[in-house]
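Colleague: The primary structure of each chain is shown beneath.
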Amino acid sequence: MILELLIGGVIALVCGLDRVAMLQILVSRPIVAAPVTGLLLGEPLIGLQVGVMVELLWLARLPVGAAVPPDDTQVAIAATVLSITLGHQLEALSVELMLLSLLVALLVGKVGQYFDHCARNYNSILPVQTDRALENGLFGRAQLLHLRGLLSFSAAALLTYFTIVTCGLLLIPPIWPWLQISMSYSAGLLQLALPLIGVAVILGTINVSRAITLFCASFGMAFLLMWLVQP
Amino acid sequence: MRLGWQTRLHVWFRLLFLQASWSYQRMQGLGFLFALLPGLRKIYSEEQMREVSLRHAGYFNTHPYLAPLVVGAVLKLEEERAIHGEDRSIDIDDFKEIVAAPYAAIGDALFWGGLRPLVAGITLFFAVKGIVWAPLIFLLVFNLFPFWFRIVFFEYGYRHGIKSVAYIQEHNLPDWAVRIKEAAVVVLGGLCAFMVFSHLLDHQLPSWPGLLALVPMILLGVGARRGMSTLLLIFITCTIIIVAGIFWIDVALFLKL
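Protein chains in written order, with our numbering: chain A, 1 to 231; chain B, 1001 to 1257.
One or more hints might be untrue.
Per the computed footprint, the stretches of chain A lying under chain B, defined by three or more beta-carbons under 8 Å from a beta-carbon of chain B, are [as the list claims (entries may be wrong)]:
#, stretch
1, 41-53
2, 145-158
3, 196-203
4, 212-219
It is worth saying that the hints were derived from the structure and are not from the lab. Please read these numbers as outputs of a predicted model, since none were measured by experiment. Even glycine gets a Cβ: it sits at the ideal position worked out from N, Cα and C.
When you get a sec, could you build the whole thing from the sequences and use the hints?
Modeller: Written out as C-alpha cells, the structure is:
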C-alpha cells in the first residue's frame, strides 16, 4: 500500500507542477493524470473511468489572472489511488468503491485551493529577495530564487494529494459496508451524472451566444441518429 | 549584435518555466526576467544588466502560450536599444504593459475557454469507449496548437519586434476563439447524447426518455450561471441519486424484484 501511495505521490508532484509552475503541456488534466496513475498501479481502466468523470467538472473554471480553480488534478490522482489501494485492501475493486472514493476526494479536494493560495502567497517573498540580488549584481541567485518557487508549488501539490488520500483511507473503510448496497443501485447513474454536470456548468458559463441552442441541436441530432441506426 | 539561435533556444526553453515563481505581487514578473536573462547577457554589459534586469523583474502577466511572442519582441527591442541607443518612440516597459492584458484575454478565451473543452470532448469519446490511449490523443491533439504558437510566435516576435502585434491582428484570434468555443459546445452535445444513449442501451432501457436528460442539464446550467458552485451542484445531484438508490432497495424488496 505504501508503494502505491508513493507512486501516486510522484505523479501528483509532476502533474502539480505542470498545472501552474512549469511546462503546462496539460499532463495535469484528469483525463491524462488519472489513467497514467491507474496504468502505473496496474488498473488503467479504473484511472480512465475516474478521468472521464472528473475531466469536465471544473473545465469551465479558467485559471485567469489571480483566480485559483479547484485542484481537479489531485482529486483525480488521489481518487484513482484510493480506488485501487482500498479495492485491494477491502477486496472490492469495483465501480461502486471507485465512485465513493471519488466523492470523498471531490469533497476533501477543496483544500487544494487553500494550499495553492498559500504557495502563491509564499512566493510573494521572492520578488523582494530577487530585487536585492539584482541590485548586488547576483544574477545567478536571482535565477535560483525564481526556481525556488517550484518548491512551494510542489509542496502545495503534495499536501493536497496526501490530505485527500489520508482522509479517504480514514473515512472510506468504515462507511463502505453501509453504502455498498445503495451505491450498487446508483453507480450507473452517478457515473453518467458527473460528466453531465460538468457539461451543464460549461454550458452555463461559456461565453457563446446561443450555446443552449447549439447544444440542444447537437444533442438531439446525435441522439436521434444513434436511435435510427441502432440494431 | 543579433542573438544567435542557441541563445534564442535557451530563452525559449526557459519560457517553459515562466510561472515557476508565480505570486500575487508580480505574477509572472520573475519568470519573464528568468527567460530573458540569457539574451540580455549577450546584449548588455554587466553594469548595464543591473538596471535592465530590475526593470524586467516587475509586474507582468499574460497567457503562458502567448508570452513567447512578448518575450521575442522585447528581446528584439532591447537589441535595437543597445545598438541604436535610447529610442523614446518605443518604451519597452510600455510595450509589455500594453500587450500583456489583451494577449492574456485572447489566450484565455482561445486555449482555456475554447481549445481545452473541444479537445477534452473529442478525447472523452475515446475514453468512454474504453480506449486506454485516450490520454495520449488528448496530449497530442491539444499540444499541437499551443506548441505551434509557442515556437512560431517567439520567432516572429524576435524578428519583427513591435510589429509582431500586427501578426495577432492578422490572424484574428478572438474570432477563432468564438468559433472553437461553438465547436466545443457542438462536440459536447454529441458526447452527452452518446453517453446517455450508451447508458440506456447498457441497462436495456427504452432509449427515447434519454432526450429528457436535456431538462436537468439545462436546469443545472442555469444554476451554474446564477453562481451556484460546481461542488454544490455535484453534491445535490449525487445525494438525490444515492438516496433514490437507498429507497429503490426498499421498493425492490417490497415488490420482490
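Colleague: Now, for every hint given, state plainly whether the structure supports it.
Modeller: Do the hints match the structure? See the list:
A count of 5 residues in the stretch 41-53 of chain A with a Cβ less than 8 Å from any Cβ of chain B is obtained; the coverage claim is therefore met, three being the minimum. With a cut-off of 8 Å between beta carbons, the stretch 145-158 of chain A has 7 residues touching chain B; three or more are needed, and the interface restraint holds. Only residues whose beta carbon comes within less than 8 Å of a beta carbon in chain B count, and the stretch 196-203 of chain A has 8; three or more means the coverage holds. With 7 residues having a beta carbon nearer than 8 Å to a beta carbon of chain B, the stretch 212-219 of chain A meets the requirement of three or more and the stated coverage holds.
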